[in-house]
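*Asks:* Here are the chains, one letter per residue:
Protein chains: 2
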Amino acid sequence: MNKERLMKYAELLVRAGGNVQKGQPVVISCSVDDAYFGRMVQGCAYDVGASEVIMEWSDGPTTRAKYLHGSDELFDTFPQWTVDKLKYNNDRGAVYLRVDSSDPDLLAGVDPSRIKRATKASMAATREHSALLMSNARRWSICAVPSPAWAKKVFPDLPEAEAIDRLWGHILKGARADGADPIADWETHKQNFVKRVDYLNKKAFKSLRITTGIGTDITLGLVKNHIWVGGGDMGKDGVPFFPNLPTEEIFTMPDRNQADGRVVASMPLSYQGRLIEGFEMTFKNGRVESYSASKNQEALASIIEMDEGARRLGEVALVANSSPIGQMKTLFYNTLFDENASAHLALGKAYPNNMAGGADMTVEERVAAGCNDSLLHVDFMFGTQDMQVVGISEDGSETVFLQDGEFID
Amino acid sequence: MNKERLMKYAELLVRAGGNVQKGQPVVISCSVDDAYFGRMVQGCAYDVGASEVIMEWSDGPTTRAKYLHGSDELFDTFPQWTVDKLKYNNDRGAVYLRVDSSDPDLLAGVDPSRIKRATKASMAATREHSALLMSNARRWSICAVPSPAWAKKVFPDLPEAEAIDRLWGHILKGARADGADPIADWETHKQNFVKRVDYLNKKAFKSLRITTGIGTDITLGLVKNHIWVGGGDMGKDGVPFFPNLPTEEIFTMPDRNQADGRVVASMPLSYQGRLIEGFEMTFKNGRVESYSASKNQEALASIIEMDEGARRLGEVALVANSSPIGQMKTLFYNTLFDENASAHLALGKAYPNNMAGGADMTVEERVAAGCNDSLLHVDFMFGTQDMQVVGISEDGSETVFLQDGEFID
Chain D
1 MNKERLMKYA ELLVRAGGNV QKGQPVVISC SVDDAYFGRM VQGCAYDVGA
51 SEVIMEWSDG PTTRAKYLHG SDELFDTFPQ WTVDKLKYNN DRGAVYLRVD
101 SSDPDLLAGV DPSRIKRATK ASMAATREHS ALLMSNARRW SICAVPSPAW
151 AKKVFPDLPE AEAIDRLWGH ILKGARADGA DPIADWETHK QNFVKRVDYL
201 NKKAFKSLRI TTGIGTDITL GLVKNHIWVG GGDMGKDGVP FFPNLPTEEI
251 FTMPDRNQAD GRVVASMPLS YQGRLIEGFE MTFKNGRVES YSASKNQEAL
301 ASIIEMDEGA RRLGEVALVA NSSPIGQMKT LFYNTLFDEN ASAHLALGKA
351 YPNNMAGGAD MTVEERVAAG CNDSLLHVDF MFGTQDMQVV GISEDGSETV
401 FLQDGEFID
Chain L
1 MNKERLMKYA ELLVRAGGNV QKGQPVVISC SVDDAYFGRM VQGCAYDVGA
51 SEVIMEWSDG PTTRAKYLHG SDELFDTFPQ WTVDKLKYNN DRGAVYLRVD
101 SSDPDLLAGV DPSRIKRATK ASMAATREHS ALLMSNARRW SICAVPSPAW
151 AKKVFPDLPE AEAIDRLWGH ILKGARADGA DPIADWETHK QNFVKRVDYL
201 NKKAFKSLRI TTGIGTDITL GLVKNHIWVG GGDMGKDGVP FFPNLPTEEI
251 FTMPDRNQAD GRVVASMPLS YQGRLIEGFE MTFKNGRVES YSASKNQEAL
301 ASIIEMDEGA RRLGEVALVA NSSPIGQMKT LFYNTLFDEN ASAHLALGKA
351 YPNNMAGGAD MTVEERVAAG CNDSLLHVDF MFGTQDMQVV GISEDGSETV
401 FLQDGEFID
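From first to last, the protein sequence lines are chains D and L. Quick note on this note's numbering: the first sequence kicks off at 1 and runs consecutively. Quick note on this note's numbering: the second sequence kicks off at 1 and runs consecutively.
Okay, chain D solo, but in the shape it has when bound (with noise of 0.2 Å):
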């Protein structure tokens, strides 16, 4: 991929993306063999005023090695200056970029156990960070770029350099960085979805009945003063950002104890390294009452399982079919991608601001209005082409608003 673009998309990141304000640090997790896109980051924040970027390192090769090598009681051990770091930047008013090129057979072969018991207590640390991300008090963004590993799991028939330059070519245009000035086709993007946002915030469905073709049919309640949000995101300090590069789903928070039915995944879910496969969960009360998987099903159960926020939803995400992604038809073994081709739902924990005054509530009081939590929050896709939304009112009229995968405007 030509220099020009990358710095182009690089740009998209820090500016509409994390939006870096002056004077702020940025901390940018990056793996080690990505490092000249990383420094393309870290040269665009430096531009927009940053005070300091912090590198944080990551190395595919190093992690595996650590789970099929490391002592075993690493796996439940997360050392206290880790968060001390976390807190350290968050108090300076940290802005989180993430570049992400990760191998979806990473983990492939390791003890479930470890990669369990490690995302537990690492959860379980990081928990205040987790949240100051999630209610928007720090602003975060994610993007991607190709590794050899992920390339080539997405097209394994082709060579490794023309893989990777596929990958590049979807990525790009996925992310709608591929005109000649990605900001501000974000911007014309961002306007799109405000119309559509505005609608299903004025209807305030007191519920979602969604149903496809492969079997799901789900009641899902939302919450009271539930918010519809998407094409972006704003800062508690006011500032927006695009969390995703790309983001094509407008999202909002279905009530913990309200679920009833069955879901059936359209999509395989790559979860830590493992691909789980031919999937269904049955809900009842918002819990997840029985659940099976073709293949990978201890990677689903320890998912599910973790805790009790876990077997419930903290998400309902509605994405039309003729997105850029959707359009692609192809598997990106990567959930930043995969989830905005398809509808998907979330099992864990919910983003305060889908909820009028969430995210200045405690824990205790979201929990009460139905918000659910967890030390997790995993994405999985439902979505298909034939599948129907309806809204159905306070007063029991029912309102059908996305038909056969597009919306109905």
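It should be emphasised that the hints constitute simulated quantities derived from the structure, not laboratory data. This structure is a prediction, so every number in the text was calculated from the model and none was measured. Idealized CB from N, CA, C, for every residue including glycine. Check the hints yourself; a few may be wrong.
[What the hints assert, rightly or not] Estimated spans, in silico, between C-beta atoms of each pair:
id	chain 1	residue 1	chain 2	residue 2	range
1	D	M1	L	Q21	42 to 48 Å
2	D	L158	L	K236	34 to 40 Å
3	D	G357	L	S71	41 to 47 Å
4	L	D181	D	G23	41 to 47 Å
5	D	K3	L	E289	50 to 56 Å
6	D	K3	L	D72	27 to 33 Å
7	D	A108	L	G238	41 to 47 Å
[As the list claims (entries may be wrong)] Simulated coverage check for chain D against chain L, where a stretch passes if three residues somewhere in it have a Cβ under 8 Å from a Cβ of chain L:
id	region
8	32–41
9	51–62
10	69–77
[To be verified] Over the 12 Å line for every Cβ pair with chain L, so calculated as not near, a few chain D residues:
id	residue
11	Y46
12	K173
13	G232
14	K236
Chain L: place on chain D using the hints.
*Replies:* Below, chain L without anything else, positioned relative to chain D:
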């Protein structure tokens, strides 16, 4: 460089250098550009039973960008979590390995006051950690690999790929890692030091008078009960290790109050990205009375004026001209190699192990015994082909034990 050769070099660092024992955590400092080699070292460390391998990634361009564009207060700040991280790993008994490939010109053009302040803040905050390393309470080892910038600095007339290849050859030869069994070669190398070190320790000279044809003429008092060390070191726990790959020096502790005369550097000193050239110092009662440099004198000043101990000597090291590095007649712009080409002195902190019982004394007790203390420890070369060293005994008798750059056996 072929992979098998590199694997032997990585093994040398882990098994002979740090001498990693089963169940120990290992911290590997490595540039993101050297990940291919860092991962080999990591693999060897797990092979010998490391409990965890922690990669401390660094990136030259990131460091440079921070100095150029970071906000000014960063350079007086050293976050507490960084100190806590060191303590966390030290308490677990970590071994520290470093893969160095620094660009000698990394910080060229950077505001020297920023470098000086950052160095001071870092050294003050990590004083406890440095003391653990310098007293061998924690084992550590450094090796080098070429970077494009470093290779081009050493061999400016060669194309980049050739310069890298040539530097690899020099590094492996200099580190005695070019044979079929480098670990066995290092065992032999170590035995060769024993005779020389034993001889000097039995002599227990009161002082040394060192002269060279380019103007050095200095008398250095040695501390009482000084110990000559060379060809590896002994951990406090009785496990031997080699802090530096290569190592060709034997060294001991000058008395911090007893250096009188003039020292003329025989090689430039590459310090924090700046090359100090044509420099000399005059000592009186152990203290630098005056100094000058033909280039980058302000960098020399930033060393000498760091603190009182930086004006005094912490180490005198002798190297035979016939060492592999001495024979290469190459300026490496890297202390790890250049210090093994030639005799040198260090400004700043002394190694407590160079005095009988030193490692068990308090800093105050050591200083009272003539052992220098400082935030820093910086080596500079003064050895020449025609260097002569005379040992002066308590009774005033003189023994020439190094003549024309070679030890007299």
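*Asks:* Please go over all the hints and tell whether each is borne out by the structure.
*Replies:* How the hints compare with the structure:
1. D:M1 - L:Q21: 42 to 48 Å: At roughly 46 Å between Cβ atoms, L:Q21 and D:M1 fall inside 42 to 48 Å, so the hint holds.
2. D:L158 - L:K236: 34 to 40 Å: Since D:L158 and L:K236 have Cβ atoms about 56 Å apart, the given range 34 to 40 Å is violated.
3. D:G357 - L:S71: 41 to 47 Å: Because 35 Å falls outside the window, the suggested range is violated.
4. L:D181 - D:G23: 41 to 47 Å: About 57 Å separates the Cβ atoms of L:D181 and D:G23, which means 41 to 47 Å is violated.
5. D:K3 - L:E289: 50 to 56 Å: Taking Cβ atoms as reference, D:K3 and L:E289 lie about 54 Å apart, which means the hint holds.
6. D:K3 - L:D72: 27 to 33 Å: Because 31 Å falls inside the window, the suggested range holds.
7. D:A108 - L:G238: 41 to 47 Å: 42 Å, holds
8. 32–41: holds (count 4)
9. 51–62: holds (count 8)
10. 69–77: The restraint on the region 69–77 of chain D holds, since 4 of its residues have a Cβ under 8 Å from chain L and three suffice.
11. Y46: 4 Å, violated
12. K173: 29 Å, holds
13. G232: The claim holds: D:G232 sits with its nearest Cβ about 28 Å from chain L, beyond 12 Å.
14. K236: 23 Å, holds
Hint violations for this structure: numbers 2, 3, 4, 11, all remaining hints satisfied.
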